[in-house]
Amino acid sequence: MAVTWTSAGPVPVFVATGAGGAAVRHALRAADEVDLVRSPRRACVLLVAGDVPTGDRSPLLQVHDQVPRPRGVVAVGARGMPAELAPITSSLGGLVATILEVGSQILVGEHDSDDVLPATNPVEWRGVGPNGQGGEGMMGGVPYGRAMAMTAEGSDGLTLDRLYLTLGPWLPGLPSGCRLEVGLQGDVLEEASVAYPTTGPTLAGQVRVASVEQLRARTLLGWLADLTDTAGLPALARRVSRLALDPTPEGVDAVRRRLDRRWGLPVATDGVGHLERDDVTGCGLGWLARSRGVDEDARRDDRAYDGLELAAPTDRGGDVTGRWRTWLDEAAEALRLAEAAEDRTTDRPELPWGSAAVTVEDRAVAHAALATRAVSGAELGRAVLTLASLPSACDADVAASRAEVPA
Amino acid sequence: MLLAFLAAVMVAGSAACVMAVVALQRRPSADLQHWSRTVPVLGGLEPETHAWGRFHARFYPMTLVLIAFEMEMMFMYPWAIVYRALGIKALVEMGVFLVILSLGILYAWREGGLGWQ
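Order-wise, the sequence lines are chains A and B. Numbered according to the working numbering, the first sequence spans residues 11 to 417. Numbered according to the working numbering, the second sequence spans residues 190 to 306.
Incorrect hints may appear among the rest.
[Stated by the list, open to error] Derived Cβ-Cβ restraints for the label pairs, each shown as a range:
1) A/371 x B/299: 32 to 42 Å
2) A/379 x B/236: 23 to 33 Å
3) A/117 x B/205: 31 to 41 Å
4) A/49 x B/304: 28 to 38 Å
5) B/293 x A/320: 55 to 65 Å
6) B/300 x A/320: 48 to 58 Å
7) A/155 x B/201: 46 to 56 Å
8) B/304 x A/43: 36 to 46 Å
9) B/299 x A/242: 31 to 41 Å
10) A/94 x B/201: 54 to 64 Å
11) A/169 x B/202: 44 to 54 Å
[Unchecked claim] Okay, the calculated bits of chain A under chain B, using three or more residues with CB under 8 Å as the criterion:
12) 163–169
13) 178–185
Treat the hints as calculated values from the structure; they're not laboratory data. Beta carbons are placed, not taken as given, at the ideal position from N, Cα and C, and that holds for glycine.
Required output: the full structure, derived from the provided sequences and hints.
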């Protein structure tokens with residue numbers, strides 16, 4: 011049996027985040043007792059947070075079985091968990107204590123979660139070649155049910171093998187529930203298709219403006235924490251996650267100063283994932299349009315915001331750097347508005363991820379189209395970074411489909 | 190005699206190390222051979238094609254350019270030996286050689302050969 015951690019260090023946890031589970035991810039990233047790992051192979055505990063859509067249940071079982079045994083499964087606010095898994099449920103407040111308890115039990119051999127998928131390859135060997143291939147020479151055939159990579163002409167004019175993969179829906183770095191289908195030649199995406207979940211938070215009835223603006227600040231800072239982590243800056247991501255859980259104007263300014271340093275996040279994000287102004291206009295993603303200077307904001311026509319002096323949007327350029335700078339701008343402004351809004355209420359607010367007037371399905375389709383455009387032809391690492399800069403409502407700090415905006 | 194003794198010690202030591210490595214190596218346990226733990230981590234899904242394909246190493250033009258220009262140093266060693274004897278003539282000839290090479294670098298740069306992709 012493989013014990014992949016020691017009792018002295020933090021417990022390695024792989025978080026499978028569904029819609030509405032972002033707050034759990036940030037809480038764990040901020041905790042010193044837990045080490046958020048980016049691969050199930052390095053984990054000891056699988057944590058499922060948020061909604062598990064029907065189509066993502068089978069991939070979740072695969073992720074579960076990829077965690078080395080002995081292992082534990084913990085769920086927080088998870089709806090739609092596969093029946094094969096028997097998680098220990100926890101509240102957000104007691105989550106770290108629960109994980110430590112499960113980790114201790116695993117260490118002394120009192121806890122384990124059995125494999126749920128077959129131990130052997132579900133597809134039979136059907137190769138005919140002497141070295142494992144399925145056909146003549148290196149090419150052709152479908153050994154183990156998978157086609158050998160065939161050649162295709164690449165963007166540089168060379169005809170070489172193309173590898174087809176689908177990344178997600180439980181891959182850290184990608185937005186919750188997002189799937190990225192790629193045809194890879196080397197590390198370049200010669201073909202790409204992005205799909206976003208067609209479910210997500212909706213809002214109905216009167217809500218307090220201050221609550222919406224607090225939600226905006228938490229959500230945008232949470233997106234920044236995830237992007238920073240994906241860019242390979244875990245210490246900074248931990249700091250931003252802590253800020254996302256309890257945002258303050260001073261904290262936002264401090265993070266902005268830290269990010270403005272010459273060698274930091276901009277090195278990874280400058281010039282990556284460029285989107286034109288036309289691409290982002292009218293997609294139902296207000297923040298994204300505003301990042302290119304397009305004044306697409308339902309708050310302009312909302313009488314609840316009269317006299318609050320919304321800042322005019324600034325064109326930050328169409329790359330990933332421009333997007334996270336917009337998040338910081340809007341988070342700082344949201345905190346100011348939350349302070350000034352007092353008891354005002356609204357029924358059609360501009361949500362952090364876009365206008366409430368646009369349906370979740372329409373937004374998902376537009377989001378997928380522009381994300382596909384942004385990642386096509388990019389290197390895989392840059393493509394993942396680009397998608398981390400295009401999160402959806404499912405990564406917001408709000409429970410999915412429950413119309414909840416914390417008061 | 191001493192050399193023979195040292196050689197024997199080295200052979201015996203090497204054999205002992207090899208046998209120790211073979212004896213101590215751990216075979217993958219049945220747990221690690223579970224199908225799910227042998228497939229790549231993609232986020233819950235499996236690849237549609239075999240990974241047994243030719244990886245497109247897009248940096249290879251840059252490596253070829255590097256090797257080509259590293260070779261110029263080979264010509265500088267004999268040149269350095271006769272430099273004092275030939276004087277200014279050797280300097281001019283090496284200057285012409287380096288100018289030609291520099292044009293080659295500029296050409297490779299213009300064609301995108303120095304980019305990572």
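Evaluated hints:
no.	hint	in the structure
1	A/371 x B/299: 32 to 42 Å	violated, 48 Å
2	A/379 x B/236: 23 to 33 Å	holds, 25 Å
3	A/117 x B/205: 31 to 41 Å	holds, 36 Å
4	A/49 x B/304: 28 to 38 Å	holds, 30 Å
5	B/293 x A/320: 55 to 65 Å	holds, 57 Å
6	B/300 x A/320: 48 to 58 Å	holds, 50 Å
7	A/155 x B/201: 46 to 56 Å	holds, 51 Å
8	B/304 x A/43: 36 to 46 Å	holds, 45 Å
9	B/299 x A/242: 31 to 41 Å	holds, 33 Å
10	A/94 x B/201: 54 to 64 Å	holds, 55 Å
11	A/169 x B/202: 44 to 54 Å	holds, 52 Å
12	163–169	holds (count 3)
13	178–185	holds (count 5)
Violated hint for the displayed structure: number 1, the only one.
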